[in-house]
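K.L.:
Fit chains B, C and D to the supplied structure of chain A, relying on the hints for placement.
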Amino acid sequence: MKKQFVGLAVLAALAVGADAQNKGTIKIVSQTPLSGGQSKLGTAIKNGVELAVQDFGQLVKSYGFNLVYEPYDDQANKDTGVANANRLINDNDVLAVVGHLNSGVAIPSSEVYAKVNLTMVSPANTNPLVTDRKSTGAVTNRVCGRDDVQGPAGADFVITTLKAKKLYVINDKTAYGEGLAQAFSARAKALGANIVVDTGIEAGERDFNTILNRAAVDKPDVVYYAGIYDQAGPLLKQMRAKGITAPFVSGDGIDSSELQALGGSDNMKNVYFTTTSGPISSLPSAKRFAERYKAKFGMDPEGYSAYGYDAAKVVLTAIAAATKDAKGMKPTRAAVAKAVRNVKFAGITGAVAFNSRGDLPVAKYFIVQAQPEYADNKVFKAVSVAAPTPELK
Amino acid sequence: MTALLDVQAVRKVFGGLVAVNDVTFSVPEKAIVSVIGPNGAGKTTFFNMITGIYKPTAGTISFDGRNMIGLRPDEVVTNGIARTFQNIRLFGAMTTLENVLVGRHTQSKTQFFDALLHTARYKSDERAGLLRAKELLEFVGLLDKRDELAANLPYGEQRRLEIARALATNPKLILLDEPTAGMNPQETEETKHLIRRLRDDTGITVVLIEHDMRVVMTISDTVTVLDYGTKIAEGLPFDVRNNPQVIEAYLGRGAAAGEFGKNAAAPSSTGDAV
Amino acid sequence: MSALQDKRSDSSGFVVIYALVSSIVAAIAIGINLGPLRFIPLDGIIPDILKTLIFLAFVSSLLLANSLKTSARAKMIVFLFVLVVAIPVIGVSNTQYLDILVNICIYSALALGLNVVVGFAGLLDLGYAAFFAVGAYLWAIFGSQQANNFTGGGFPLNGNFMFLMIPIAVVVAASFGALLGLPVLKVKGDYLAIITLGLGEVIRVLANNLNRPINITNGSQGVRIAPGSAPLEGFLEWLSGLTGIELFKLELLMYYVVVLLVVGLAVILTTRLDNSKIGRAWVAIREDEIAAQAMGVPLVRTKLIAFATGASFAGAMGVLYAAKFSFVSPESFNFQASISILAMVVLGGLGSIQGVIVGAAIVIILNQMVLTAFSNFLADLRRGGLPLPSQFEPAQYQQLIYGIILIVMMIVRPKGLIPAKRNAAKLENLERGELAQKVGKQ
Amino acid sequence: MTPELFFGLLPITIVDGISLGLVYAVIALGYTMVYGVLEFINFAHSEIFMVGGVLGVELLIWLQKVTAIKDAGEKVIGYSIHPLGALIIALIFAAAGAGALAVAVERVAYRPLRLRGAPKLVPLISAIGMSLFLIDATRFIESLFGQFNRPFPEFSAQPFFSVPVPFLNVSVPIKDFVVLAVVLLMLGGLIYLINYTRTGRAIRAVAQDQSTSALMGIDVSRIITLVFLIGGALGGVAGVLYALKYGNVNPYIGFIPGLKSFTAAVLGGIGSIPGAMLGGVLLGLIETFAGTYLDPLTGGVIDASYKDIVAFGVLILILIFKPAGLLGKAVSEKV
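Residue numbers (our numbering), protein chains in the order written: chain A, 1 to 393; chain B, 1 to 274; chain C, 1 to 442; chain D, 1 to 335.
The shape of chain A in the complex, shown without the other chains:
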């Protein structure tokens, strides 16, 4: 029992010592995988948020609050994500969440945030269901695109620009990959393409010979891959080694310098992907961001770093606005969630604004052509697509 008495003594001491001029603490939190195979992307988001807090923290601090940023590791696992979410909603200082990487984690976790009106701004979840739910409609937002935009955008490019007829569609059997592949296939079929193979690969799988052997015989016009770079790289490498030179098209999951590292710089010919975040080479603001990022973290930013940065900027701007509305007092979570929808700025990833359900109203999509060096990636084409608003589920 000694422990408790000591504990109480510490509490008392802390209570007395609390900073009196401070109006209290405001926390923003990120939830991304910081360990596990996808930790690279999760860490990229975390670093982006950290940089944004450094850049825009003053917006909140200027009201006399102590601003704290806490990164959480959701391990790309929904149990962990939900457990963390339950922790967050009970910490009254937490006013906003930037997260997650995986839609499969974001969906159940945001159900928890919604219970206390804790807003979530997603830097990466493209699954439509993330913002299409009745129960969480008020708190879910994203600064990235939707699969039902990204998939069709990719399909349009593949069918009209690349003039492909015969397609291989491969997905990584995750909520992200399969969702994107479905959206892609639906549009491609509508445009008259023949999808010869529509298959999945298991998470962590590295041996793609079986699919590629068939492709070597079949000679598809395009191989579309919906998944993350860590499998896309080896897939591309093995594909080229088998002599398959067909264009390799993918989504924003492969927007990472690791694609070049894992796929081999020599294999970047005829590789395209869709993303809302323009490549660093084409956006001056992005270039500046990349330099500062590298200076701070000692590595190049990933596509998701910029999303993380913009998402955090959204959150900080919203908190500042809500604080202003609350006459300098700590705003309620509901007020912050509401303020998020009014945020508008030109971010590194493009124009950031939200429609009534938290999506970018008009997403500018880039078709990026990969180059041997990630930093040299070029915009091949840009299209603007209004976000669809299907019925809420």
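Among the clues, some could well be false.
[As the list claims (entries may be wrong)] A few chain C positions that, by computed beta-carbon distances, are all more than 12 Å from chain D:
1. F14
2. L56
3. L68
4. K75
5. M76
6. I77
7. A147
8. G200
9. F248
10. G384
[Said to hold, decoys possible] Chain B stretches covered by chain C per the calculated footprint, using a threshold of three residues with CB under 8 Å from any CB of chain C:
11. 80 to 89
12. 97 to 104
None of these hints come from the bench; they were simulated from the model.
Owing to the predicted nature of the structure, the values given are computational and were not obtained by experimental measurement.
Backbone N, C-alpha and C define an ideal beta-carbon position, used for all residues, glycine too.
P.N.:
Relative to the frame of chain A, chains B, C and D by itself:
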């Protein structure tokens, strides 16, 4: 007396090795029969076939008029044959009492849901089982050790516990595989007495494999001798003892002449098992 | 050792006082929204890590009550007070703790089920999560519109059907267990382990792929149970209006009550099985298959019962898991999930009912609370000036610490934290009852 | 599916299946070595394999850097070492490193348990702890120097390993033959070691009966250490071969090949060295065939993702009919 156990020309071949070669063997009710033979003679294999652990290559085994071939060991038990093992096989992590209760498995009518719901049947079965287990522990002199873990009992007591556990299956016939192995003379004497009581008090028929000739000669009604899987002699203890073929079997294999009839105290741990 | 011979001094008083004091401290320290009951404004002042320690100290009052020598009444007082009064009060104030307790209960019941298979019967099952998946998908599919894809429609079922689905899942999962077990249970030891591993993977891959040609499981997208399908929705809304407590807190409280009851039931059932003919047959098989068979225990049948019993626990908890998370997707039922339930069982003590619950609690508390709190603590220290290398983000290395903890715990307590003991006292009770009856008859 | 497609895919499917199977086989050998002696599934073996791959690749990256021959314009024009030579050095380095790691793992996580007579399942849990630790420790060390995804260096001026060689109507890259050669060498060496040397006899004796072996003057602890050393070294070699074949390593590559190889070891009969080989190749073939043919044969209804179901299905069937695996000895228990 009719034969309780009737084994006809039973044969077991492992790979190329004939472990038991066309042995015919019959045990009358309420008899005490010893099976002897040098190490490797196929005695335990013979037991294993009777109890359903091995399936004979050829031959028939019938018990109480019922065919035993093709039955699983647990089905054989249900028919009334119980056994002990040469290398004691108790359930070490269970208490003495529980070991005996496991032997009651076939006697208890308790079903899964009885145990879950603690039905009247469960309660009466458990009570009956406990009473019977207590009686059996008393019978073998282990009642005061009932809460000891079986693994912690001394060797001699473990052998007796195995007998109690086998008795709990309510057998008509009990097969004892070297029941006195590893015992000192006094324990051997007690066990001999116990085996007699088995037959005399409870009417159970006993077949035993035994190396200690003093035990064999004093308690057996008849003795069967196996050598190289073949039955070489059968008859009253005295006759078997003086059978030249039997003497040759033991001596010819280089066994010390003195072993025959001497107290073979050392447990033959690597004996007959195949 | 029977209770009669327990020479330890009686700790009833200590345990009761401990439980009361730790509850009050916990209520003050972590029940941050107590409203009028809040004594001092502690919001954001107590470091997270300290709250975690206080919570641990509070929860361990249950363990103390159960493992120290105490009178039955003291035990009862502590259990009732902590489970029925303190936890709901603290939990409603800070749902994180209630949430963790619900998870502990879910995984305790899973661990109890696996304990029947691995701990009692000694069958190494590396694919246990498959049965969990069966239960979870059962409710996810019929509790959402998913079932309309392959039936005439009419779904989702009303949330209250969840209670009906629990027994259905028990039956379905048990049949699954029996069906899968029948061909494979003749295989022994580590071969059984790999077969069960294979079966577990098969179920997961099926869940991940059965979205075509007919969409049964919705594949990797997972099945979401729309809000509004929660059980007792109407009652909870009414209660919420009455008490002013938010609906989601009451929902969580409802799940707490349900899982607590299920765990209680699981403890009673496994204890009963353990002390019956079936339980003895399981242990006998674990100790020595041949001897068990020679005592009349039918191997395959007895193993099958163990397998099906374990599966049925997982089925029931699957339904509750699906309902509580309102989202089910295949990756929750992968090999790692099976392994982490196994870790709970071995860590707590194979075959020990109390042990596996403690094992489940430790694994959950470590992973969902302590490690996070610890990494936040380190991050705080860094902000305060502690020189940690910039590559070291504490939140990234929780699994590393968990790994070390697993190794150390196993080395320090190789038989588990609370090793199993064959319980002789229970038999004696019966015996005494029998003797009394006998005396009465005479 | 057209007959042309069916038969067109056949030779390459066989080659790829065997090639995948060989990688499984080397990892399976590591499982089987330890299992054969200790009857214990070394669950951390998949991470030892991973560390071996990482060590080998790091060494190769370093070798590529130091042996580069540059022209006046600092452009790499060649290497002063043949890629095959570099690979051999990397294989030895990885084998030594992974072997040492396996011994260390045994000392820390298994030996204390064995000496204290812990139940059989307990080392399984400490092995899982060890796996978690090794993964994150590797990631931590790797991220100190940059990325944890490491590509296999191609020595790109002379991309030796990817040179295709015509074989069975298909072109097979040289690396597949390298894998085959290394695997056969390992297998031959192992069979020789176990069956024809004094040490091998001691290993077999310890596998049979530890206490009797000790009585016969065999240093059981030393033999167990040796077994972990050999198993770990095999894992290290497998890691480098894997990196060679699939082009990259990271701290998370261990899990899937580990699981599959463990399955392969059981399929062949765990504890049996030829069994591990057979099981590996068989599993590789089954998987590759299922992956290739399921989708076209069913018109896409059952796609390649079902290949694991087929692999495990075959495993289950084989174990039901041959409960000790294909080449495992059915140990009839002494009664």
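K.L.:
Taking the hints in turn, state whether each one holds.
P.N.:
Here's how the hints hold up against the structure:
no. : hint      : result
1   : F14       : 32 Å, holds
2   : L56       : 21 Å, holds
3   : L68       : 26 Å, holds
4   : K75       : 29 Å, holds
5   : M76       : 33 Å, holds
6   : I77       : 35 Å, holds
7   : A147      : 21 Å, holds
8   : G200      : 9 Å, violated
9   : F248      : 33 Å, holds
10  : G384      : 23 Å, holds
11  : 80 to 89  : holds (count 4)
12  : 97 to 104 : holds (count 6)
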